[in-house]
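> One letter stands for each residue in the lines below.
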Amino acid sequence: MNTVSVTFTINGEKETRQVRTDMTLLKFIRETLLLTGTKEGCGEGECGACTVIMNGKAVHSCMVLAAEIDGADIQTVESLAGSGELDKLQLKFMEHGAVQCGFCTPGMLMTAKALLNSNPNPTKAQIKEAIAGNLCRCTGYKQIIAAIQDSSRGGRK
Amino acid sequence: MKNSVGKRAQRVDGLAKVTGCAKFVADLMPGGALCAKILHSPHPHAEIVSIDTTAAEKLPGVKAVICGRDYPLHTGLYHVDQYMFAMEKVRYVGEPVAAVAALDEKTAAQAIDLIKVRYRKLKPNFDPIHGMKKSAPLIHPNLHKYFHVSAINPVPHTNIANHFKIRKGDPDSAFKKSFCIIENRFHVPQIQHVPMETHGAIALAEQTGRITVWSSCQSPFTVRYLMANCFKREIGDIRVIAPYVGGGFGCKAGINIEPITVALALKCPGRHVKLILTREEEMYTVVVRQACHIRIKSGVDRTGRILAQENEYIWDCGAYAGYGVNIVRAAGYSICGAYNIDNLKGDSIGVYTNRPVGSAFRGFGMSEIHWAIEQQMDILAHELGIDPVEFRHINALKPGSHNATGELVTVNTGNIHKCLDQVAADLGWGKKLPKYRALGIALAQKAPAMPNNATSSAVVKFNENGGVELLFSGMEIGQGVMTAMAQICAETLEIPLEKVTVVGLPDTDYSPYEWQTVASRLTFSCGNAVKKAAEDAICQMKIISAGIFKVRADDVVYKNGVFSHKNKSIELVQICMGYQFTDGHTVGGAIVGRGHFTAEGCINCDPDTGYSPKPVANWTFGAQGVDLSVCPETGRITIHKVSCTYDVGKVINPLTIEGQAYGGIVQGMGAGIMEQLIVDEQTGMVKNPSLVDYKIPTALDMPEEMTASFVETAQLDGPFGARGVGEHTMIPTPAAIANAVYHATGVRIMDLPVTPEKILSGMHGLDFDSKDSNAKPEQPVSRSKKKRGRPPLYAKKWDRVKR
Ligand code: FES
Ligand code: FES
Chain X
0 MNTVSVTFTI NGEKETRQVR TDMTLLKFIR ETLLLTGTKE GCGEGECGAC
50 TVIMNGKAVH SCMVLAAEID GADIQTVESL AGSGELDKLQ LKFMEHGAVQ
100 CGFCTPGMLM TAKALLNSNP NPTKAQIKEA IAGNLCRCTG YKQIIAAIQD
150 SSRGGRK
Chain V
0 MKNSVGKRAQ RVDGLAKVTG CAKFVADLMP GGALCAKILH SPHPHAEIVS
50 IDTTAAEKLP GVKAVICGRD YPLHTGLYHV DQYMFAMEKV RYVGEPVAAV
100 AALDEKTAAQ AIDLIKVRYR KLKPNFDPIH GMKKSAPLIH PNLHKYFHVS
150 AINPVPHTNI ANHFKIRKGD PDSAFKKSFC IIENRFHVPQ IQHVPMETHG
200 AIALAEQTGR ITVWSSCQSP FTVRYLMANC FKREIGDIRV IAPYVGGGFG
250 CKAGINIEPI TVALALKCPG RHVKLILTRE EEMYTVVVRQ ACHIRIKSGV
300 DRTGRILAQE NEYIWDCGAY AGYGVNIVRA AGYSICGAYN IDNLKGDSIG
350 VYTNRPVGSA FRGFGMSEIH WAIEQQMDIL AHELGIDPVE FRHINALKPG
400 SHNATGELVT VNTGNIHKCL DQVAADLGWG KKLPKYRALG IALAQKAPAM
450 PNNATSSAVV KFNENGGVEL LFSGMEIGQG VMTAMAQICA ETLEIPLEKV
500 TVVGLPDTDY SPYEWQTVAS RLTFSCGNAV KKAAEDAICQ MKIISAGIFK
550 VRADDVVYKN GVFSHKNKSI ELVQICMGYQ FTDGHTVGGA IVGRGHFTAE
600 GCINCDPDTG YSPKPVANWT FGAQGVDLSV CPETGRITIH KVSCTYDVGK
650 VINPLTIEGQ AYGGIVQGMG AGIMEQLIVD EQTGMVKNPS LVDYKIPTAL
700 DMPEEMTASF VETAQLDGPF GARGVGEHTM IPTPAAIANA VYHATGVRIM
750 DLPVTPEKIL SGMHGLDFDS KDSNAKPEQP VSRSKKKRGR PPLYAKKWDR
800 VKR
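Quick mapping for you: the protein sequence lines, in order, are chains X and V.
In this text, residue positions in the first sequence follow numbering that gives the first Met the number 0: the first is 0, and each later residue adds one.
In this text, residue positions in the second sequence follow numbering that gives the first Met the number 0: the first is 0, and each later residue adds one.
Listed next, the stretches of chain V that the computed footprint assigns to chain X, with coverage defined by at least 3 CB atoms under 8 Å from CB atoms of chain X:
hint : segment
1    : 10-24
2    : 689-695
Subject to a maximum C-alpha distance of 30 Å in a straight line, what follows is the list of computed BS3-like cross-link-like pairs (lysine-lysine):
hint : chain 1 : residue 1 : chain 2 : residue 2
3    : V       : Lys22     : X       : Lys13
4    : V       : Lys22     : X       : Lys26
5    : X       : Lys26     : V       : Lys686
6    : X       : Lys26     : V       : Lys694
7    : X       : Lys123    : V       : Lys434
8    : V       : Lys430    : X       : Lys123
9    : X       : Lys123    : V       : Lys431
10   : V       : Lys22     : X       : Lys127
11   : V       : Lys57     : X       : Lys26
12   : V       : Lys694    : X       : Lys127
13   : V       : Lys640    : V       : Lys6
14   : V       : Lys105    : X       : Lys26
15   : V       : Lys498    : X       : Lys87
16   : V       : Lys686    : V       : Lys105
17   : V       : Lys22     : X       : Lys87
18   : V       : Lys1      : V       : Lys567
19   : X       : Lys87     : X       : Lys26
20   : V       : Lys434    : X       : Lys127
21   : V       : Lys640    : X       : Lys127
22   : V       : Lys6      : X       : Lys123
23   : X       : Lys56     : V       : Lys694
24   : V       : Lys266    : X       : Lys26
25   : X       : Lys56     : V       : Lys22
26   : X       : Lys123    : V       : Lys640
27   : V       : Lys175    : V       : Lys397
28   : V       : Lys62     : X       : Lys26
29   : V       : Lys133    : V       : Lys144
30   : X       : Lys123    : V       : Lys694
31   : X       : Lys87     : V       : Lys6
None of these hints come from the bench; they were simulated from the model.
Source: prediction; values computed, not measured.
Built from N, CA and C at the ideal position, the CB exists for glycine as well.
Produce the entire structure from the sequences given, and follow the hints as far as they go.
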């Protein structure tokens, strides 16, 4: 079994690990780092449940190999309240009813986080565009969009 | 403190979910767990000649290999027609034939490849209408030997798994008196639930004989019960623990993959066996929504009153109908939707085919039949020149009418007319719109389809601070049951909502019993149990306070956390753990309230006529309207607005009920304009088993605007007047879309989904021939000598007889 050594930052902490070359980042995050907040909905890059932020960009972690993360900065849903305080997005998701079964929620939050980091004041159309790769079967998206809009700089609060 | 019910409370499970702390079954990673994989049938219908597992067993790292001969055991809820693993023959592509447990995924997959199965192909049948004929191959030759519940009527030595009949009044003479008779055929294809979390289960069998299962399921107690039956164990030997469920929509109701993990675990005692389905497996190897071929013939008088109707639903149950037979039944007792029709002939017939297994899906048959009923109503209205809203007002159920089974509708049943008016107002019904833009409307009705003895229970246990832990076993599958139950509990106890801690993820060893999380029944049924548990606790504390006050318990008043009699009072917190007098002696003790609820007075329908004075616990009515435009060049639909109104009796939580409404609308829209599971009729394979090929709505597809509003006609036996609504929100959407498309273009689509191709070919008067359509060239068995052919995909002229 081929392995390589990778050094990366996960949720603010630097780590070095040996990883199998055929292992996806999603599997690595869930099964090696035991950060199970990130979900697998398809394993094929089609649902967005596995979204994490890698070097500032939202990526489908099932489509990235763990071996590729050498030098990368990775944030998972666990990072949002890492400081001990909930992120505004988390608060707004709860307030707006943007969560139902919660399976898409971690991925949705990370996509939204990456969006707001790069565009603090997105339009509704830009929000829809950004989360188009994150499937949610429960909510119908309306309350998710409202939550993201409300978390943005131009949001109500 | 009576301010919890009706409050826009945030979800009690929200924090766990936004932080990623909420554990779903795949997130449980017991040390040394074995990985399970299933070998699926590649044939839609074939005899199993032999299964050779020796090579797989010899592969290093393989711990167990099992197939039908190891466990010749049946499972099934209403109709016990399915083996855990195929025995003798396979009946659909994807049917489990064998399974392995191995040290890791790779080894398990290799072992699966090493299992050699020899099949002798049999002629498959993918068409339920053909399946009803004598000449059709029998898919279940032993149908007459299967156990089924009493409300189900299979027809031995046929492919008919259930036949539900409604015979009301005298349709033949009423048709003769009709001014106009219109008959139409409709089709609904199989679709997939697509929960974002696929099915998963973990099993552990210990040497003590104890079996523990962690499962992504809607019904832990039903899983336990059916598993005990299947493995011939005592119920107490089995423990089912349900973590959070990442969406169910019906596909995790009843029992699914759990027995497979248990069968494997029994072969490797002491080790956890974990099975998480891939997305592809999820798409067709577990369950899907049934397809349906529909014929409706209506006779109306000049004023628009429906005098007589024939409704025929021929359900494609797929290979097994353990759950599907009850959908057939539900469609039977709801046969004509929310309408008052005195002369009715209804047949709801479930037929086995070699397609994927049909089962519960949000709406439980209602979305399928309303696709046809609500279009038929529009067609009738159009034909008589009556406004569709007005036509529905003329014919919809009202106090004094009798529904299909003969049940009397009262003022408390729910008010569909208010819902209809509200939606019409929200959409601006009658307003002038540009060309190719129009409104469409549809009604919905649904009752909880559950056995008459389906029961719920709850426990309220007090803590030292006057707060409670609330235990119940309704599953939180996203609908918000934890929050609603907390609100009902707090309201009844008159304590702040924050004082209620929900212990809502059931463990059958510790949690009170709940039949199943299905049928939109929890707010009503589990909610009643919670309310009664809280009332029981208050009652106990009243008795204790009465002893302290030296009065009768009836003379003690409880209000806002205080028990009092005249000028004497005791706070709840002083009494909920036992009341201590100043000299130290103590009366009472830790209070535990318990409650149960079973809907009263529900009577099975008569097998010959469908008659029942009360077939179901309650009905929820609603209406939905759509404002859309169609692009005349591409046929593409843009949905500008969807408005819905449901009579829910009482809104327990506006935030979560709105979530149900929007989520249901978008899921209904998916079913309406994009979703269809496509089975290759040569090979029986599902052609679109991925999220690439089977599209569900994304944020870009959603309507531009959605509104939800609610009518509150109290349900007399509902908690605070409430009745269910979770499924209803997707029932009318497809028909409302089709009606709007007709008004916008003149094209009537009878074959779901409403695709741009169908609209365009209708607009251009072209014959539409969908390569992938599941509609069959043959038609439902019909008395009329009407031309046979596929349902018309567009039609501007109806088959019509004027008298
Ligand atoms: S799991 Fe990665 S996109 Fe679905
Ligand atoms: S909340 Fe269930 S999939 Fe989004």
